[in-house]
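Q: Here are the chains, one letter per residue:
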Amino acid sequence: MRRKEAVLRVRDAVMFALPLASLIVAWQVVASLGLIRVLPSPTYVLETLLNLCRPAKGGTPIILAHFGASLFRVGMGFSLAMAIGVPVGLLMGINRYVNYLLHPVLSLLMPVPTLAWVPMLLILWGLGDRTIVAAIFLGGFFSIAYNTASGVRGIDKDLIRAAYTMGASKWTLFSRVLLPGSMVSVITGLRLAVGYSWRALVGAEMLAAAGWGLGFLVFAARMVSATNVMFAGLIVIMFAGYLMERYLVGPLEKRTVQRWGVVRT
Amino acid sequence: MRRQGRARSIVSSAGSFILPLLLLCAIWEIVSRSGLVKPVLLPPPSTVFPRIITLATTPTQRGGSLLVEHILTSLYRLGLGFFAGGLGGIVLGLAMGSNKFVNGYFNPIISILMPVPGITWTPILVLVLGFGDSTLIAVTFIASFFPVVCNTASGVRSVKKELIWAARIMGAGRVSLFLRIFLPSSAPHILAGLKLGLAAGWRTLIAVEMIASALWGLGYMIFDAKEYLRTDTIYAGIIVMAIIYAVIEKAAFGFVEKKTIEKWGVVSEVA
Numbered sequence: 006m007r008r009k010e011a012v013l014r015v016r017d018a019v020m021f022a023l024p025l026a027s028l029i030v031a032w033q034v035v036a037s038l039g040l041i042r043v044l045p046s047p048t049y050v051l052e053t054l055l056n057l058c059r060p061a062k063g064g065t066p067i068i069l070a071h072f073g074a075s076l077f078r079v080g081m082g083f084s085l086a087m088a089i090g091v092p093v094g095l096l097m098g099i100n101r102y103v104n105y106l107l108h109p110v111l112s113l114l115m116p117v118p119t120l121a122w123v124p125m126l127l128i129l130w131g132l133g134d135r136t137i138v139a140a141i142f143l144g145g146f147f148s149i150a151y152n153t154a155s156g157v158r159g160i161d162k163d164l165i166r167a168a169y170t171m172g173a174s175k176w177t178l179f180s181r182v183l184l185p186g187s188m189v190s191v192i193t194g195l196r197l198a199v200g201y202s203w204r205a206l207v208g209a210e211m212l213a214a215a216g217w218g219l220g221f222l223v224f225a226a227r228m229v230s231a232t233n234v235m236f237a238g239l240i241v242i243m244f245a246g247y248l249m250e251r252y253l254v255g256p257l258e259k260r261t262v263q264r265w266g267v268v269r270t
Numbered sequence: 023m024r025r026q027g028r029a030r031s032i033v034s035s036a037g038s039f040i041l042p043l044l045l046l047c048a049i050w051e052i053v054s055r056s057g058l059v060k061p062v063l064l065p066p067p068s069t070v071f072p073r074i075i076t077l078a079t080t081p082t083q084r085g086g087s088l089l090v091e092h093i094l095t096s097l098y099r100l101g102l103g104f105f106a107g108g109l110g111g112i113v114l115g116l117a118m119g120s121n122k123f124v125n126g127y128f129n130p131i132i133s134i135l136m137p138v139p140g141i142t143w144t145p146i147l148v149l150v151l152g153f154g155d156s157t158l159i160a161v162t163f164i165a166s167f168f169p170v171v172c173n174t175a176s177g178v179r180s181v182k183k184e185l186i187w188a189a190r191i192m193g194a195g196r197v198s199l200f201l202r203i204f205l206p207s208s209a210p211h212i213l214a215g216l217k218l219g220l221a222a223g224w225r226t227l228i229a230v231e232m233i234a235s236a237l238w239g240l241g242y243m244i245f246d247a248k249e250y251l252r253t254d255t256i257y258a259g260i261i262v263m264a265i266i267y268a269v270i271e272k273a274a275f276g277f278v279e280k281k282t283i284e285k286w287g288v289v290s291e292v293a
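Residue numbers (my numbering), protein chains in the order written: chain A, 6 to 270; chain B, 23 to 293.
For each label pair, taking beta carbons as the anchor points, the in silico distance ranges come out as:
| hint | chain 1 | residue 1 | chain 2 | residue 2 | range |
| --- | --- | --- | --- | --- | --- |
| 1 | A | 115 | B | 60 | 24 to 32 angstroms |
| 2 | A | 89 | B | 37 | 25 to 33 angstroms |
| 3 | B | 37 | A | 13 | 56 to 64 angstroms |
| 4 | B | 60 | A | 164 | 43 to 51 angstroms |
| 5 | B | 151 | A | 131 | 27 to 35 angstroms |
| 6 | A | 178 | B | 150 | 55 to 63 angstroms |
Listed next, the stretches of chain A that the computed footprint assigns to chain B, with coverage defined by at least 3 CB atoms under 8 angstroms from CB atoms of chain B:
| hint | region |
| --- | --- |
| 7 | 100 to 108 |
| 8 | 111 to 125 |
| 9 | 211 to 223 |
| 10 | 246 to 252 |
In silico DMTMM-like links for lysine to aspartate or glutamate, alpha-carbon gap of 25 angstroms or less:
| hint | chain 1 | residue 1 | chain 2 | residue 2 |
| --- | --- | --- | --- | --- |
| 11 | B | 122 | A | 17 |
| 12 | B | 60 | A | 134 |
| 13 | B | 248 | B | 155 |
| 14 | B | 60 | B | 249 |
| 15 | B | 217 | A | 250 |
Simulated from the structure, these hints should not be mistaken for laboratory data.
For every residue, glycine included, the Cβ atom is placed at its ideal position computed from N, Cα and C.
The following block holds chain A by itself, in its conformation from the complex:
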């Protein structure tokens, strides 16, 4: 049995890798024929990537320093968005007046592109971490608050009445009915927010980073037309995004929503 599972897993991995490999081969052919002038070959990009893994002056590999700076910013921005967005959303869901006041603002500001706030933040704080973290925060905040609020509002009225009838206090109602009942929406908001924060990160780093960060790496490489570095940065961004999607967002959903049995597995 075990063995069969292992074989299947290997087969899946090969089926996943094969198309990507074919794409890389095509890229190599196009690059070595020189069809697109600025396109570096994959081998050259790989060499660059290995070069970037060499330690810089401080001792950490260069690429890790860029990666670390980006990870720190996205972590800070996203945590802030969650720490503020969820309570605001819950408050909007619970209290009619808060909802009345904030709902129009949220729905009006939600479609404003996150990076549209960056010029204002640049005036406020200039280049640097604060501006970037704030942009990431704004990227995540709206979808978290909006989805949390609509999750609480969407709970079946009968459930609330039933809980009251059985003598639930306000706190019990909140912790046993409203919170679990809205969790699907909260998680949806968080999922969306991870994507938005990640997108905001790269854009904000291009506009506001000083020295470090993956977005900055790609953007600075353009100044010296180092296409190999640009593609190396792109590949790191690609893998970071893929790993995040696969090992952070997916499990998050499994751990919480499925365990509580709100969504059928």
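Please build the complex by placing chain B on the supplied structure of chain A, with the hints as guidance.
A: Relative to chain A, chain B alone:
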């Protein structure tokens, strides 16, 4: 009778939407006048809203209005990029949804490219296509393409087997199977994908207009205003963006939804 009821509901929904906004504008005005925040950082609404009018009435060399030309340039880029991305996404998504091999090949590629923010391609595309509309449109295309592909493919795959079998038994050919079964039953998914694609394209376009230093467009307008500390222009730009997107979404999708999925009656089936 019915019309009166509708008019009243429009009035009441406008009241519950606009009243809180007016209230917040009043708070904004008071905070900004009170001197708690530097007036440069938070200009009061009484200077921001007139600024929109000033921008709209400033003539350009081409003879049009400054704000309108910024808006039209952005919309032109968004329109072309989104059209290409939406069309390409639907075509590839339909192929992936209905053919196992196409799906097997493109699924890994798409799942690895999808988390890459569209903006990341900007520096690379600038080198290939130069500073100009084609770079901006290409990035918008990339950003709006992925959500459409994913949703279309999963929409086609979620069509019930029984429906397909039933159609086959009743003698449906490939074309009518496609037109009568696949397309209508995956339409809600495709529309959802198009909505996401439009939003992604819009967000990315505004960002790219700042990064690739285009000379026109709403993104450029607010980024340029930063150089001169014209915060009133920045806030005006943000307000204009919010309004414009709300209008586009309502106009484009409200109409299309009414003509397609509501008419075909697939929505109630899905929900």
